[in-house]
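Peer 1: With chain P held as given, fit chain R onto it using these hints.
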Amino acid sequence: MEAVEYFEVECPEKAGGDYYRHIADVVLLDHNLIRVIWKLHIFIDPRIPLFIAAGRTRKVPGIVKLRDFSDVNAREGKVTISIGDESYLAPLLQILWEKFGKERVEQPDRFTIVMNLSESELQGLEDLPVYDPSESLYKDLIYALQVIQPEGFKVRRQYYGKGRFYLVASEDTLPEDIEEIVREKFSLMGESL
Amino acid sequence: MILVPVTYKGGIYRHDEIIDLIEDLGGYIIQKHMIAQEVVLQALVPKDDIELIRRIGKPLTGEVTPSPLVGTEIAVVTMSLEIHHLPHASCDVAEYIRRFGAKTNMIGLARGFGKRISQMNDEERDVINEHDCAVYLLGDFETCIKHKFPVLRRGIDVPIILCGGPPTDVLKTLIDPPVDGYVGGVGRFMHRTKESEELSKMDEVVDEVTRVLDRKREVMAKDPLSISPARLMDIIYEKIDEIHDVLSPTPITVQMAGLRVKLPYDTFASLLRKTEIDEGITIGDLADVHPSRMRDYILLRIKPFSETNMVV
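Just so you know, the protein sequences line up as chains P and R, in that order. Counted the way the numbering used here counts, the first sequence spans residues 1 to 193. Counted the way the numbering used here counts, the second sequence spans residues 1 to 312.
Extracted from the complex, chain R is given alone in its bound form:
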């Protein structure tokens, strides 16, 4: 069964039927937003059943659209949280990627600004590495990007998408060794992106992120995960009651190869490890349970088949 990431948008009336339907078909709800009279579901659903969901959702004014980034967590790295970069361009990019289903976290570096003086500390590096990929938003000058980028990429092992003011081909010549994605023409600007030309730039960013993550999925498919992150999320929701008391919009954030569980590590790590998935197999067998550098959350990294020799 191939699961496809989609967004369902529809009225609040009888939306629980859609949730039940997706779950009965073997899909997973990753995130549910209620906005006034509207409900937005980000879900992974079986490819063959999309038509069925569309048909049942139609009388409820429901709409199903493909969202390639559902189930990913992306770091949007901005050089500082000063007025020079906020709310445009950093928030514009983070918000636009979110529309395609990704969970984006904005990471404002403490001392990322400047050419010679720019730095990144170990906490920032570790937090970025906890994501599926990182979108770096740099400035308008070639000289600065060339000079400061080696410092900012040090120790980062997730794919990097580099955005900056100079055109894409110029960015490519500046960076050595190359990074995974480039988007030119998205540097520092101080106005809201609302014209069609600017929005198409934002689309370019999304396309580049999608392309990079697709390539990552292809690599991962060669050695599949022992359990799908969405399924593991469901199991945790089912077996650990305390997760229902967490007030975050996503108590469990789904990543491509893991989960961020927003429960304190000290209290819940051993409990999580011992939680049974299926006939004597525990979460600890299939995933590494690490403390996250983000607050006191727990980070689960699911091991691939080659390490565990089982797929649940």
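Pulled out of the complex, with its shape left as it was, chain P reads as follows:
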């Protein structure tokens, strides 16, 4: 976990805390999240019981637009999109199908999409947002934290925004002052929620 600037596991049981430190390390490594996380503080108290994982992510790349990975050529109402990076093809097709209807979107080969569009439909096509990396990052991050947490903690609350995230989990109803506790954990990292 050298890439993570701050990483602490706080636990009243020393041995248990050490195991969870290792578990968190392995899980984040397996899910390719080490480079995304900047700071991470994990708090586990099996007596209450309560699990809190709070942290900050590094800056994530911005929204991927159509112009970022393809060329758009429009000639007499016929638009040809040549795809450069295939990894965004599936979300792009979904968006185009939804917007123009499946029958208007032709795909003669893997890297080409041909459509007949009117002038008004053509406007702003190149700036069409296709993929938001922070959305899947959020899902991946929360999933990884759920794998790290003790399994029986089924009552959960999670948050992600402005580069900060937290997941709290317990077996019982979460305490009312849970946000206060989370704020405390953020202040330990020198951050605020």
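Since the hints were made in silico from the structure, they are not lab data. The model shown is predicted, which means the values in this text are computed figures rather than measured ones. Wrong hints could be hidden among the right ones.
[Unchecked claim] Below, in silico cross-link-like pairs of lysine to aspartate or glutamate (EDC-like), each with a Cα-Cα straight-line distance of 20 angstroms or less:
#1 K194(R) x D30(P)
#2 K154(P) x D234(R)
#3 K59(P) x D132(P)
#4 K9(R) x E82(R)
#5 K32(R) x E204(R)
#6 K146(R) x E151(P)
[Stated by the list, open to error] Restraint-style ranges between C-beta atoms, simulated for each label pair:
#7 S136(P) x P167(R): 39 to 47 angstroms
#8 E176(P) x P167(R): 30 to 38 angstroms
#9 H31(P) x P249(R): 49 to 57 angstroms
#10 R116(R) x L188(P): 39 to 47 angstroms
#11 L193(P) x K194(R): 36 to 44 angstroms
#12 Q119(R) x P175(P): 19 to 27 angstroms
#13 S136(P) x P249(R): 35 to 43 angstroms
#14 D122(R) x V155(P): 23 to 31 angstroms
#15 E176(P) x I117(R): 19 to 27 angstroms
#16 R116(R) x E135(P): 14 to 22 angstroms
The beta carbon of each residue, even a glycine, is placed where N, CA and C say it ideally should be.
Peer 2: Using the frame of chain P, we list chain R on its own:
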């Protein structure tokens, strides 16, 4: 004649000679695996003849190693079948014990996870009780183990080996009344056990299981079984043809004091009871035939000498 559990590993070429030899010497083949060009036999063989088997097996690149757990069926109880416990540590432990000849079954509890919310239902309890011993794989926290273990042991009458994250001596202080075996440092982890330190932990689990089962054997030796499970297995193979149509790797699983016969109970129970072993003695005389809670299998529990007054 003392039968010793061993594993024979060798080439597939002429391996039937080894099988014939073991059977002629009065031993029993418990399980036979064919893996590509290799054959692995788990067998009970007479102690004095191990050298002979080794000598005959040598030109066939055969190797005989003692496997203390051959002929036992062990339950590996994991708190759930979620990614939190699988494939590590549950599968690692189950697989490692299997290498020493035991037949392990992994039992994932439906609601075993958690501290306060952990539970075990009657089916899980009965299935665990059908085994020779149960290896419980618990988590990393003392508080949780102390709190949840009384629920998980309720109604279990086979020996329990408790594995958990805290050190062995801490585990011993947590559990009251004590269980039969403890292994500390084997709690929840999410990586494969491949370093020597971790493998030695796995060896500790095997040693503890062996020690617990040896003690069980000693107790059983005071009132010996009316027939050895391996011999009863041979008789069933010989007399009931349908067992050869069963596709499981072990159509009959040998336990320390019984057998699991993988035939439907309703159809075959009475037939099994009436099957003759020797001069008017039937299986029903020497063993109780129960329905197993595992699918529709049959569970045979061999009665001890004190109940039947005969040893076959």
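Peer 1: Now look at each hint and say whether the structure bears it out.
Peer 2: Tested hints:
no.: 1; hint: K194(R) x D30(P); in the structure: holds, 17 angstroms
no.: 2; hint: K154(P) x D234(R); in the structure: violated, 50 angstroms
no.: 3; hint: K59(P) x D132(P); in the structure: holds, 13 angstroms
no.: 4; hint: K9(R) x E82(R); in the structure: violated, 35 angstroms
no.: 5; hint: K32(R) x E204(R); in the structure: violated, 27 angstroms
no.: 6; hint: K146(R) x E151(P); in the structure: holds, 17 angstroms
no.: 7; hint: S136(P) x P167(R): 39 to 47 angstroms; in the structure: holds, 41 angstroms
no.: 8; hint: E176(P) x P167(R): 30 to 38 angstroms; in the structure: holds, 37 angstroms
no.: 9; hint: H31(P) x P249(R): 49 to 57 angstroms; in the structure: violated, 35 angstroms
no.: 10; hint: R116(R) x L188(P): 39 to 47 angstroms; in the structure: violated, 28 angstroms
no.: 11; hint: L193(P) x K194(R): 36 to 44 angstroms; in the structure: holds, 40 angstroms
no.: 12; hint: Q119(R) x P175(P): 19 to 27 angstroms; in the structure: holds, 24 angstroms
no.: 13; hint: S136(P) x P249(R): 35 to 43 angstroms; in the structure: holds, 42 angstroms
no.: 14; hint: D122(R) x V155(P): 23 to 31 angstroms; in the structure: holds, 27 angstroms
no.: 15; hint: E176(P) x I117(R): 19 to 27 angstroms; in the structure: holds, 21 angstroms
no.: 16; hint: R116(R) x E135(P): 14 to 22 angstroms; in the structure: violated, 35 angstroms
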